[in-house]
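Engineer: Those protein sequence lines, which keep their order, are chains A, B and C.
Residues 1 to 275 (the working numbering) make up the first sequence, in order.
Residues 1 to 567 (the working numbering) make up the second sequence, in order.
Residues 1 to 277 (the working numbering) make up the third sequence, in order.
Check before you lean on any hint, since a few could be wrong.
As a list, the in silico DSSO-like pairs of lysine-lysine whose alpha-carbon atoms are at most 27 Å apart [stated by the list, open to error]:
hint: 1; chain 1: C; residue 1: Lys139; chain 2: A; residue 2: Lys238
hint: 2; chain 1: B; residue 1: Lys393; chain 2: C; residue 2: Lys191
hint: 3; chain 1: B; residue 1: Lys372; chain 2: B; residue 2: Lys393
hint: 4; chain 1: B; residue 1: Lys332; chain 2: B; residue 2: Lys415
hint: 5; chain 1: B; residue 1: Lys282; chain 2: B; residue 2: Lys549
hint: 6; chain 1: A; residue 1: Lys217; chain 2: A; residue 2: Lys193
hint: 7; chain 1: B; residue 1: Lys372; chain 2: B; residue 2: Lys357
hint: 8; chain 1: B; residue 1: Lys393; chain 2: A; residue 2: Lys217
hint: 9; chain 1: B; residue 1: Lys549; chain 2: B; residue 2: Lys273
hint: 10; chain 1: C; residue 1: Lys14; chain 2: C; residue 2: Lys187
hint: 11; chain 1: A; residue 1: Lys202; chain 2: B; residue 2: Lys549
hint: 12; chain 1: C; residue 1: Lys139; chain 2: A; residue 2: Lys120
hint: 13; chain 1: C; residue 1: Lys187; chain 2: A; residue 2: Lys202
hint: 14; chain 1: B; residue 1: Lys372; chain 2: B; residue 2: Lys322
hint: 15; chain 1: B; residue 1: Lys415; chain 2: B; residue 2: Lys372
hint: 16; chain 1: B; residue 1: Lys348; chain 2: B; residue 2: Lys549
hint: 17; chain 1: B; residue 1: Lys332; chain 2: B; residue 2: Lys216
hint: 18; chain 1: B; residue 1: Lys482; chain 2: B; residue 2: Lys357
hint: 19; chain 1: B; residue 1: Lys512; chain 2: B; residue 2: Lys329
hint: 20; chain 1: C; residue 1: Lys191; chain 2: A; residue 2: Lys217
hint: 21; chain 1: B; residue 1: Lys322; chain 2: B; residue 2: Lys282
hint: 22; chain 1: C; residue 1: Lys14; chain 2: A; residue 2: Lys217
hint: 23; chain 1: A; residue 1: Lys193; chain 2: B; residue 2: Lys393
hint: 24; chain 1: B; residue 1: Lys348; chain 2: B; residue 2: Lys332
hint: 25; chain 1: B; residue 1: Lys372; chain 2: A; residue 2: Lys202
hint: 26; chain 1: B; residue 1: Lys415; chain 2: B; residue 2: Lys482
hint: 27; chain 1: B; residue 1: Lys549; chain 2: B; residue 2: Lys332
hint: 28; chain 1: B; residue 1: Lys322; chain 2: B; residue 2: Lys512
hint: 29; chain 1: C; residue 1: Lys187; chain 2: B; residue 2: Lys393
hint: 30; chain 1: C; residue 1: Lys191; chain 2: A; residue 2: Lys202
hint: 31; chain 1: B; residue 1: Lys282; chain 2: B; residue 2: Lys348
hint: 32; chain 1: B; residue 1: Lys415; chain 2: C; residue 2: Lys187
hint: 33; chain 1: B; residue 1: Lys329; chain 2: B; residue 2: Lys372
hint: 34; chain 1: A; residue 1: Lys202; chain 2: B; residue 2: Lys393
hint: 35; chain 1: B; residue 1: Lys216; chain 2: A; residue 2: Lys217
hint: 36; chain 1: C; residue 1: Lys187; chain 2: A; residue 2: Lys217
hint: 37; chain 1: B; residue 1: Lys282; chain 2: B; residue 2: Lys332
hint: 38; chain 1: B; residue 1: Lys332; chain 2: A; residue 2: Lys217
hint: 39; chain 1: A; residue 1: Lys193; chain 2: B; residue 2: Lys372
Hints were generated in silico from the structure; no laboratory data involved.
Model, not experiment: these values are computed from the prediction.
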Amino acid sequence: MMQKLSENILDKFSMDFLRSQVLKNAYGNNDTVIAARDPRVLLAWYLFFGLVPWFVQDMTFLLGCFVLVMITTLLARVAGLVLLLFGVGVFSQTGYLLLVTWLFGGDASAIMPLLILTLKVATISLASVTVFSGLDPDRLANGLMWYGCPERLSFSISYAYRILPMLMEEFQNVLLSYRLRGNPPAHDTFAGKVRYLAYQVKIIMYAFYPLMLNTAKRSRTTVEALEIRGYRYAATNKEVRRIKLAGLRLTWDDGIFAALSLLWVAATLLLGTLV
Amino acid sequence: MGIIEIRDLCYTYPGAAQPTLNHVNLTVEQGDFLAIVGNNGCGKSTLCKVLNGLIPHFITGQFSGEVTVSGQNTLESDVGTLARKVGYVYQDFENQIVRPTVLDDASYACLNYGMTDYLDQGRRALAQCGLQGREEEYVWQLSGGQTHLLALAGAVALGPDILILDEPIAQLDPGHADRIYGVLRELNETYGKTILVIEHHTEYIADFCKHVLLLKDGQVSWMLPARQALARVEELQSCNIFPPQVTQAAHALRERGLLPAGTELPTTVEEGKAAFAPLARKTALPHPAAMPRDHGPEAAALQGVTVSYRSVKGEPRVVFDKLDLSLYKGEKIALIGSNGAGKSTLMKLLVGLLRPKEGTVALNGTPLRDTKPEQLSRLISLVYQNPEEMFIKDSIEGDIAYAMQVRGVENWPEKTQALLERFRLTELAQRDGRLLSGGQMRRASLAIGVALNPGILLLDEPTANLDIATRREILRTLNEMKEITETVLIATHDMQLVCEWAQRIIVLCGGKVVADGTRDEIFGNTELAARVGIRPPEIFAMGRALDEKALCYTVPEFLSQFEGADA
Amino acid sequence: MNQTQNKTMNQSQKLMVFVLTMSLYGLATLFTELIPKFQVGIVEFSVEYFLFIPLVLAMLFDPLSAALGAATGELVFSEIMLGQFGGLGEAEKFITVTLGVYLAGRLVRDPRNTRMVGIAAILGTGAQLLMGTIVDICKVQFAVEDFEAVAGLPESVFATEGFAFLNDLLFSGILFCLLPTLYLVPKLYGKIEPLLGMSPRTPETAAPALSAKTLAGCAVAFVCAVAAELLATSGLELIDWEASWAESGTAVAVGMIAAAVLALAVLMVMKKKAEAK
Chain A
1 MMQKLSENIL DKFSMDFLRS QVLKNAYGNN DTVIAARDPR VLLAWYLFFG LVPWFVQDMT
61 FLLGCFVLVM ITTLLARVAG LVLLLFGVGV FSQTGYLLLV TWLFGGDASA IMPLLILTLK
121 VATISLASVT VFSGLDPDRL ANGLMWYGCP ERLSFSISYA YRILPMLMEE FQNVLLSYRL
181 RGNPPAHDTF AGKVRYLAYQ VKIIMYAFYP LMLNTAKRSR TTVEALEIRG YRYAATNKEV
241 RRIKLAGLRL TWDDGIFAAL SLLWVAATLL LGTLV
Chain B
1 MGIIEIRDLC YTYPGAAQPT LNHVNLTVEQ GDFLAIVGNN GCGKSTLCKV LNGLIPHFIT
61 GQFSGEVTVS GQNTLESDVG TLARKVGYVY QDFENQIVRP TVLDDASYAC LNYGMTDYLD
121 QGRRALAQCG LQGREEEYVW QLSGGQTHLL ALAGAVALGP DILILDEPIA QLDPGHADRI
181 YGVLRELNET YGKTILVIEH HTEYIADFCK HVLLLKDGQV SWMLPARQAL ARVEELQSCN
241 IFPPQVTQAA HALRERGLLP AGTELPTTVE EGKAAFAPLA RKTALPHPAA MPRDHGPEAA
301 ALQGVTVSYR SVKGEPRVVF DKLDLSLYKG EKIALIGSNG AGKSTLMKLL VGLLRPKEGT
361 VALNGTPLRD TKPEQLSRLI SLVYQNPEEM FIKDSIEGDI AYAMQVRGVE NWPEKTQALL
421 ERFRLTELAQ RDGRLLSGGQ MRRASLAIGV ALNPGILLLD EPTANLDIAT RREILRTLNE
481 MKEITETVLI ATHDMQLVCE WAQRIIVLCG GKVVADGTRD EIFGNTELAA RVGIRPPEIF
541 AMGRALDEKA LCYTVPEFLS QFEGADA
Chain C
1 MNQTQNKTMN QSQKLMVFVL TMSLYGLATL FTELIPKFQV GIVEFSVEYF LFIPLVLAML
61 FDPLSAALGA ATGELVFSEI MLGQFGGLGE AEKFITVTLG VYLAGRLVRD PRNTRMVGIA
121 AILGTGAQLL MGTIVDICKV QFAVEDFEAV AGLPESVFAT EGFAFLNDLL FSGILFCLLP
181 TLYLVPKLYG KIEPLLGMSP RTPETAAPAL SAKTLAGCAV AFVCAVAAEL LATSGLELID
241 WEASWAESGT AVAVGMIAAA VLALAVLMVM KKKAEAK
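Using the sequences provided together with the hints, build the complete structure.
Structural biologist: In structure tokens, the structure reads:
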């Protein structure tokens, strides 16, 4: 584990890959069924599938919800990295317990509660993956604003996607400076590997010194430009909010999507009472 | 009354001892296309920020005097109101763009000021700036020049009467630069905008601007029509501004009495032709001659290299397809080509930052993938386009020493001192690199680059974002460095640098090497230059206008033809 | 001479600090989300903590903006961007990070005073971790009926949570918060402020010392965090869902299906009509 980690942080971990995955996740799938939904409907949908499974113990219902959110996740064409993170997340929370119990021949009474817990975690995670990854960030920001989230949060979401590629490139270049000019300890032995890992962690820390100064320069231009472009004026203006949200329109398809989800949930409920 | 009226303006930044603007008086007429020139730190940017109200409303400090823009006193109105009268495009324009898609960003300001037709306004601005058809694209898909146009569109969208641009073409190749100025001219002539540019590319001033304003130590020296202004060669040069090469040549000839004393100096190649053609050319300029090429052993080689970038949507974008290229020991190579031709990618490949999908990259015959990155630094070194990313310590001394120090190089403190000396940085040794001026920053980054004495030195745009005087200084440094560095590769748009420094020129276009040879071979090939958009220095074009086969790269070379053996 | 110093200025400075902290801490948390954690015995090693970034900025600039920027950055970059949004439970992290950073930033009146910086860094981190620990203990207490009655349970919960807290504080806290903060604050002081067009913080320009009112405000915020977390994770027993379904479930479910089908049919017809127009 230690070895893998030490090799992963700087050497194999490609910033380009990460950047492209995040951007792909945000904008690469804006022509899917999920991305076309009204963000308000999706957020309400998320409110249901992100909360209700916690309160339910019924296996059939959970399984039903899980299948539904799995379908929506597939429909949203989420980037591979996010799915991987989802897998790791579920596994590290409860999945590994389930696996261990099963391997050591635990009986149904031991497995069942774990399975239910795992299903809950997986369903809720996938629901969030569907909504937050499947939706275009700007539409998501507008949706959140409609529900009364502070304007600054919705600005932050859009801005984060704008700044991320630039920040990553800068960070990558700073790290490259360290990589080309630095002299990391040899890492053939175990002790060397530990030292190497410590070195890398230290470098990442150090890298934030130039990054902070460089980003400070950028932030100044950005905030000055925001000032000129009326950001603060808009933040306090009701009329602007209305214009922004005017872009949100419920379509018949949104209704169909909601009704289909409802139908599915009702069907699993029925099935649950019959079994 | 002019569209801009400044009366007795003084401004001091908070904490500064000296006023940055000192009793400035200025009137700019509606519809002018004004270039603001002056030394670094003479208050050009500050003056522009006064016009859009950022000073004093956003940036505090001591402010006195009266500034009226479109009839509005800037002290009495707020930044929001002024933004609709004055559009501003920063030098680091990419930080000005805050939205992810093109149309979104162009209409952002209109939306914020509550215009219901904000999308139409945005579309119209994009059309005016020549970006129609790109509305739905993402910002990171745009090239540098297009990003600049987008920043401009964002400013134009609010319908201001005045547009201010801070060094609009500093990072662009000539093709993109022409496009920016073409758009500006259109905005000026067709839409009646008053345009102010901070600019040190005097050839562009000669071609596009109507008036020139010279600022000196926070004061207005004069404001004159562009032709007259550029003819004041000595005065401009004393402020480190270099008039077009044609003007410089004519000025020198007038000094020597070859042109009559009262002649108006030409500022463009066309005018130059009229002025110089009647003169007797005593010595013929050299004509292209085939030169045999002999070279040392291979220092770096790319074989069948294919590289592609992942794209957010659809197929990956192929940058290189089976590229073959060899660099030989001792060569001084310039890598040229338009933005996006693959220059940076090539450099990234050589330092192992990018791995090719196919093919091999080898240094001194050893494939790169068998070399550890930290060992690479003795073989090859890369100086980034943005020097700020090279500074990882809190003083440039620390930065220069770092690589030697961690490797336990013998006598590293002495070597550091020697480098500081060599690059004239001793006085600045304890300063943080980021807080230096542009030229000092470059010199420091070059010193860092050569600290480990690498066999190959790669420089990415070493003269970008610098004014001409600083560029000369860097060129001098590069020439001095020739003796301590073996193989050097420079990626650049700066053709003066290419002409005066490079021994071999590689032209990249669309990921292919389309030409590779000496400057005579590259610039002498008119057809090639037109095809890949290379623009030789103005004086070269001037020489060619007089003699189709002439090859001259500097003003003295050009002048030599008018002097006989007796001169 | 006209000295202009007005409120607008402060607002925009705050926005700059917010944007700066958000971008940097967001980027950092994006990485931590991707770096695996690993456990050696009971000790968990993780590079979880880039908290030094907002700590440093809170000590140099406006603490509240830095704190809010950090929390927002984490929310946006690592939760929303990567689709790892955990629902209401995120509120806990948001509030504890904000409080920890804010308190540390307010404590430092003169960034040149290294000792003060160190104490504030470790206190801020400690406060954030402690709040997390309290939330964790409350969770167990809330979830297990008769918490006090189960022999040994309270002790063991306190022991494990206490150990985790100390481990985090001594390992992550010192290595990833205290040391980098001590390294960065003096280096950045006087250099980063001019880049944002501000003057460095001195005891005269620092915000007044923490008042009882501020601390009370923090406490209220913390209670909200606990409530949010409990609501998010321990609501399992709130409704006895199954029991109520056992009796009339089938009928209700059938009713729901019928309603859904009806709604679906109506919507489809409406859509067709709308398209036909």
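Engineer: Please go over all the hints and tell whether each is borne out by the structure.
Structural biologist: Quick rundown of the hints versus the structure:
1. A threshold of 27 Å between alpha carbons decides the hint, and for C/Lys139 with A/Lys238 the separation of about 40 Å lies outside it, so the pair is violated.
2. Restraint check for B/Lys393 and C/Lys191: satisfied, since their Cα atoms lie roughly 13 Å apart, inside the 27 Å limit.
3. As the CA atoms of B/Lys372 and B/Lys393 are separated by approximately 23 Å, the hinted pair is consistent with the 27 Å bound.
4. In summary, the hint linking B/Lys332 to B/Lys415 is supported, as the alpha carbons are separated by about 24 Å, within the 27 Å threshold.
5. Simply put, B/Lys282 and B/Lys549 have alpha-carbon atoms about 16 Å apart, close enough for the 27 Å limit, and the pair holds.
6. This hinted pair does not check out: A/Lys217 and A/Lys193 have alpha carbons roughly 37 Å apart, beyond 27 Å.
7. Among the hinted pairs, B/Lys372 with B/Lys357 is consistent with the structure: their alpha-carbon atoms are about 19 Å apart, no more than 27 Å.
8. With a C-alpha separation of about 17 Å, the suggested pairing of B/Lys393 with A/Lys217 holds against the 27 Å cut-off.
9. The straight-line distance between the Cα atoms of B/Lys549 and B/Lys273 is roughly 15 Å, inside the 27 Å bound, and the hint therefore holds.
10. Between the alpha carbons of C/Lys14 and C/Lys187 the distance comes to roughly 22 Å, so the proposed pair stays at or under 27 Å and holds.
11. The suggested pairing of A/Lys202 with B/Lys549 is violated, with an alpha-carbon distance near 60 Å, which exceeds 27 Å.
12. For the suggested pair C/Lys139 and A/Lys120, the alpha carbons sit about 18 Å apart, so the restraint of at most 27 Å is met.
13. For the hint pairing C/Lys187 with A/Lys202, the CA-to-CA distance comes to about 16 Å; that is within 27 Å, so the pair holds.
14. The suggested pairing of B/Lys372 with B/Lys322 holds, with an alpha-carbon distance near 24 Å, which does not exceed 27 Å.
15. Among the hinted pairs, B/Lys415 with B/Lys372 is consistent with the structure: their alpha-carbon atoms are about 25 Å apart, no more than 27 Å.
16. Pair hint B/Lys348 plus B/Lys549 does not hold up; C-alpha atoms about 37 Å apart against a cutoff of 27 Å.
17. Annotation: proposed proximity of B/Lys332 to B/Lys216 is violated, straight-line Cα distance about 38 Å (limit 27 Å).
18. Restraint check for B/Lys482 and B/Lys357: the C-alpha separation of about 34 Å exceeds 27 Å, so the hint is violated.
19. Annotation: proposed proximity of B/Lys512 to B/Lys329 holds, straight-line Cα distance about 22 Å (limit 27 Å).
20. In summary, the hint linking C/Lys191 to A/Lys217 is supported, as the alpha carbons are separated by about 11 Å, within the 27 Å threshold.
21. Between B/Lys322 and B/Lys282, the direct Cα distance comes to roughly 49 Å. Violation of the 27 Å bound is thereby established for this hinted pair.
22. With a C-alpha separation of about 15 Å, the suggested pair C/Lys14 and A/Lys217 falls inside the 27 Å cut-off, and the hint holds.
23. Between the alpha carbons of A/Lys193 and B/Lys393 the distance comes to roughly 25 Å, so the proposed pair stays at or under 27 Å and holds.
24. For the given pair, B/Lys348 sits about 18 Å from B/Lys332 by alpha-carbon distance, which is consistent with the 27 Å threshold.
25. Restraint check for B/Lys372 and A/Lys202: the C-alpha separation of about 20 Å stays at or below 27 Å, so the hint holds.
26. A C-alpha spacing of about 18 Å is found between B/Lys415 and B/Lys482, which places the hinted pair at or below 27 Å, so the restraint holds.
27. Distance check on the hinted pair: B/Lys549 and B/Lys332 sit about 25 Å apart at the alpha-carbon level, within 27 Å; holds.
28. For a cut-off of 27 Å, the pair hint linking B/Lys322 to B/Lys512 stands: about 9 Å separates their Cα positions.
29. A hinted pair counts as satisfied when its Cα atoms are at most 27 Å apart, and C/Lys187 with B/Lys393 qualifies at roughly 10 Å.
30. For the hint pairing C/Lys191 with A/Lys202, the CA-to-CA distance comes to about 22 Å; that is within 27 Å, so the pair holds.
31. With a CA separation close to 48 Å, the supplied pair B/Lys282 and B/Lys348 exceeds the 27 Å bound.
32. For a cut-off of 27 Å, the pair hint linking B/Lys415 to C/Lys187 stands: about 25 Å separates their Cα positions.
33. Using a Cα cut-off of 27 Å, the hinted pair B/Lys329 and B/Lys372 holds, with the two alpha carbons roughly 22 Å apart.
34. Between the alpha carbons of A/Lys202 and B/Lys393 the distance comes to roughly 14 Å, so the proposed pair stays at or under 27 Å and holds.
35. Of the pairs offered as hints, the one joining B/Lys216 and A/Lys217 holds, with about 26 Å between alpha carbons and a cut-off of 27 Å not exceeded.
36. Taken as a hint, the C/Lys187 and A/Lys217 pair is honoured in the structure, with Cα atoms around 16 Å apart against an allowance of 27 Å.
37. Distance check on the hinted pair: B/Lys282 and B/Lys332 sit about 33 Å apart at the alpha-carbon level, beyond 27 Å; violated.
38. Straight-line distance between C-alpha atoms of B/Lys332 and A/Lys217 comes to about 34 Å, which puts the hinted pair past the 27 Å bound.
39. Of the pairs offered as hints, the one joining A/Lys193 and B/Lys372 holds, with about 16 Å between alpha carbons and a cut-off of 27 Å not exceeded.
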